[in-house]
Amino acid sequence: MIRYIIRRLLWGVLLLIVVAALMFVLFRILPTGNPALLRAGRDPQPKLVKEIEVVLGLNKSLPTQFWDYLKEVFLHFKFGYSYYNQEEVRSLIAERLPATLSLTIGAALLWIVGGLGVGVISALRRHSLLDRFAMGTALVLISAPEFWLGLVFLYLFASDIGIVKILPGAGSYAGLTSDPWKWFTSLIMPWIVLASGSAAVFARLMRSSLGEAMKEDYIRTARAKGLPERHVARQGVRAAINPIVTLFGLEVGALLGGAILVEYVFNIPGIGELNYKAIQSSDFPVTQGTVLLASMFIILANIVVDVAYAYLDPRVRYS
Amino acid sequence: MRSHKTIAAGVLAAALASTLAACGSSSSSSSSGTTASASSNGASSVVPAGYQSTVNESLAGKRGGTLQVLQESDFEHLDPGISYFALDYTVVFATQRPLYSNEPNSTAPTPDIASGSPEVSANNETVTVHLKEGIHFSPPVNREVTSADVAYAIERGANPNVANPYLTTYFDSIEGVPQAKGGPIKGIETPNKHEIVFHLTEPKGFFVAEALVLPLTAPVPKEYAEKFDNNKPSNYADYEVATGPYMLENNAQGKVLGIGYVPGKSATLVRNPNWSDKTDFRPAYLNEIDIKIGGSQPVIDRQVLEGTNVVQNEPVAQPAVQLAAEHYKSQMVLSPGGGNRYVSLDNKVGPFSNIDLRKAVWAELDRAALDRARGGDLVATVASHFIYPTIPGFEQAGSLTGPKGLDYNEHPEGDMTIAEKYMKLAGYSSGKYTGSSTIQVVGASSPPEKEDAEIVNQALKSLGFNTKLTLVELATMYAKYCDVPKEEIDVCPTVGWIADFADPQTVLNPTFNGKSIVATGNVNYGQVNVPTLNAAMAAAEVVKGREARAKAWGKIDDEIVEDAAAIPYDWETSPRLEGSDVHGVGMLWNEGCWDYSFTSLK
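Going down the list, the sequences are from chains F and S. The numbering of the first sequence is our numbering, which starts it at 123 and goes up by one. The numbering of the second sequence is our numbering, which starts it at 4 and goes up by one.
Since the hints were derived computationally from the structure, they do not count as laboratory data. Please note that the accuracy of each hint is not assured.
Below, in silico cross-link-like pairs of lysine to aspartate or glutamate (EDC-like), each with a Cα-Cα straight-line distance of 16 Å or less [to be verified]:
hint, chain 1, residue 1, chain 2, residue 2
1, S, 435, S, 359
2, S, 435, S, 418
3, S, 464, S, 418
4, S, 605, S, 291
5, S, 184, F, 175
6, S, 351, S, 490
7, S, 184, F, 173
8, S, 547, S, 147
9, S, 453, S, 476
10, F, 287, S, 309
11, F, 169, S, 175
12, S, 235, F, 351
13, S, 135, S, 122
14, S, 295, S, 544
15, S, 235, F, 175
16, S, 407, S, 561
17, S, 471, S, 457
18, F, 200, F, 190
19, S, 281, S, 476
20, S, 235, F, 210
21, F, 172, F, 190
Please model the entire structure based on the sequences and the hints provided.
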């Protein structure tokens, strides 16, 4: 297993290099591409543009620039400086990572508990009124864009602009260490909004997967042996959980790279918001940094999921 | 290079000598409750009746309190040597004091750390400025400001690690600036601690003196800043000291980053303990300004309209303007002078190298519809020429109606009869275009630019042109198409410009002078290159005196309109929102952004 994990990690590093190369090339062929021109003001003088290119290292050949970039990223974990405000990208990311972690972990807990709970009940009580209501609600939540849902929550419940002023609104996020209570209350609405869509997907997936599992021969055998239904259902859930774990890993990995819309609507200073603003202002070093970070999380999440398979399903063994 | 929506730098000034005198002498009397008068230049005429305006706000206020500011965008550069954008200026002009500044609702420059008006020599080749005594840097520097600090501030602008974006544009005539790399500049002399002299190689002293309102002239202490300026790029902004009434909160070492400014999150302005109101015209009512960065514009607008102690500091979303007009009228302030917007037509190649075809399009275009698409008369006024309200030369260029006797400019809703007259003059006897060219129209895909592009495209079609309309992201529109002459785009429907400071040269010279055309980042979008026009601009550049310059550049504006070099359709007005208990004072010279040194809580 250890050898397997090491191999996967090495492939992960290779994949990150490929992602970095793709990003690097992509940003240099984009039409808004010359950051020196963007930095040189409204009426850019050619001499000034050349000087800025030298300062930013853009006068070097592309392979040299890429090699310098890779060295900085992999040896020093440095992503360069923002073209927009000249701040170090590493600090910008470090500054924002806690907010994204807070948002993602809280929402993930919410959707895994809510989604799986509803999915299991729906699967075990198929076609009941409860099942129909739960699946109908799930469909609505899947269809509701996060941006819209976020605004609805704010206009309903935010303490500043809401009709029922019960929860802190946009821009109220505080760090966990600076004010734990404010941290918790400011994230209630974002957690619900971020979790709702995923919880709905998980509920539907669990319902379908568990429904299939409960038709399997071994379930029939277990029932025939007289096992209590609770134990039978537990066996079914264990068999149905694998696709859920895969999806969970991917979603959490992607969200750690930034929940752009939710962070934007609720003004949570996270990675997603940083990335959104960087794209808007053609701030390539920041975009490269956040995309690489997101890729790293997705790769790690995949590895974790694969390892988790081995523990969840005895038939899976890695050599 | 880009839409003035995105670059939005602007220090606008005045033309009328009488107003200059009034503003110049107002000193720190603003707390007495007077209403400062603004220079005219059409500023009042474009604000609808019944609305608050930056033109006539009261400058009186109550001392104390903390103001919350909500803004979606982050700052770009808070270093006074780099800063060039309207939003950045809100902090820069509260913390830094250039040689000259503007009072918020005046467009006339006022001596700031200078003790009086600049002295321009008779031959227009030397500018001398005397500095006030008793102005100190904030901690940890603490010492008194001298003329050497102003000299260093300008010199570092030429340092590639700082790379000031307008040094060569406005100060190129100072001896040694074209060759400067960050060291001493030959043409900047400091005979004593409170005097600085600029020696020029061309007779452009008056224009250079006008440009001294730019934040590049705010003093920077060399012994403190030099080590930061040696970094590539300079990180002086992370440790910058202040001379204004406020400073970005810092620690004992002067570090601002992560304390007074957290990129993408917040900025905190606190009182500068070394500032004295005896040397400044700013009242500085507020104790603290807490700026929260990020969030979505619709939410911010609602938070401000329904909140207290809070303002927003960016262009307001159109639905919020309507909401404020209907229900929160007293919480919206309109600021004229937001720049011009026009349709650029390729004067060099293609069908629109024919002046009569340009006039035909002008005549047919429904400019009023273009303005309605942008939000109507609260935020836009139909333009008839290029020097916009608040800029000297506006009146001389025909004020609201533009030059007389030009029939294609007389019907804002468009007139097909007049358009057909010019089509016939261009050689199309049917009154419709029958040539084989397909007109390339490139606009932006986001509203309201998209709607504007479609209206322009429709006008072209109604004149018989075959068009190919391409809608792309705004930045791409400029960077790939409209800024690049070799792309030969026939029509860019939504370009615009805003002055860097209150001189009409800064409106017309970059955008219509043939000498301004460059291969990339070109802002003479239509490649206008008329020898007589270029010569007139060269002559106007060296004119002394605000009234004389207004007259000279107003005449040039007339000539551009007579040449139909581009089609102006909008003089922009910028709305800003404030909480119900805030007395926000907007900067007329900076797109109406709030002036933290004059804003107060009720």
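Comparing the hints with the structure gives:
Straight-line distance between C-alpha atoms of residue 435 (chain S) and residue 359 (chain S) comes to about 12 Å, which keeps the hinted pair within the 16 Å bound. Note on residue 435 (chain S) and residue 418 (chain S): the hinted pairing holds, with a Cα-Cα distance of about 14 Å set against a maximum of 16 Å. For the proposed pair residue 464 (chain S) and residue 418 (chain S), the alpha carbon gap of about 14 Å is at most 16 Å, so the pair holds. The suggested pairing of residue 605 (chain S) with residue 291 (chain S) holds, with an alpha-carbon distance near 15 Å, which does not exceed 16 Å.
Restraint check for residue 184 (chain S) and residue 175 (chain F): satisfied, since their Cα atoms lie roughly 15 Å apart, inside the 16 Å limit. In summary, the hint linking residue 351 (chain S) to residue 490 (chain S) is supported, as the alpha carbons are separated by about 12 Å, within the 16 Å threshold. Between residue 184 (chain S) and residue 173 (chain F) the CA atoms are separated by roughly 10 Å; this keeps the pair inside 16 Å, and the hint holds. For the proposed pair residue 547 (chain S) and residue 147 (chain S), the alpha carbon gap of about 33 Å is over 16 Å, so the pair is violated.
Distance restraint check for residue 453 (chain S) and residue 476 (chain S): the Cα-Cα separation of roughly 10 Å lies within the 16 Å cut-off, and the hinted pair is therefore satisfied. Between residue 287 (chain F) and residue 309 (chain S) the alpha-carbon distance is near 12 Å, which keeps this suggested pair within the 16 Å criterion. Between residue 169 (chain F) and residue 175 (chain S) the alpha-carbon distance is near 12 Å, which keeps this suggested pair within the 16 Å criterion. Between residue 235 (chain S) and residue 351 (chain F), the direct Cα distance comes to roughly 69 Å. Violation of the 16 Å bound is thereby established for this hinted pair.
This hinted pair checks out: residue 135 (chain S) and residue 122 (chain S) have alpha carbons roughly 15 Å apart, not beyond 16 Å. Proposed proximity of residue 295 (chain S) and residue 544 (chain S) is contradicted: the alpha carbons are some 42 Å apart, above 16 Å. A distance of roughly 11 Å separates the Cα atoms of residue 235 (chain S) and residue 175 (chain F); the hinted pair therefore holds under the 16 Å criterion. A C-alpha spacing of about 9 Å is found between residue 407 (chain S) and residue 561 (chain S), which places the hinted pair at or below 16 Å, so the restraint holds.
Taken as a hint, the residue 471 (chain S) and residue 457 (chain S) pair is honoured in the structure, with Cα atoms around 11 Å apart against an allowance of 16 Å. Distance check on the hinted pair: residue 200 (chain F) and residue 190 (chain F) sit about 11 Å apart at the alpha-carbon level, within 16 Å; holds. Note on residue 281 (chain S) and residue 476 (chain S): the hinted pairing is violated, with a Cα-Cα distance of about 49 Å set against a maximum of 16 Å. With a CA separation close to 12 Å, the supplied pair residue 235 (chain S) and residue 210 (chain F) stays within the 16 Å bound.
About 20 Å separates the Cα atoms of residue 172 (chain F) and residue 190 (chain F), which puts this hinted pair outside 16 Å; it is violated.
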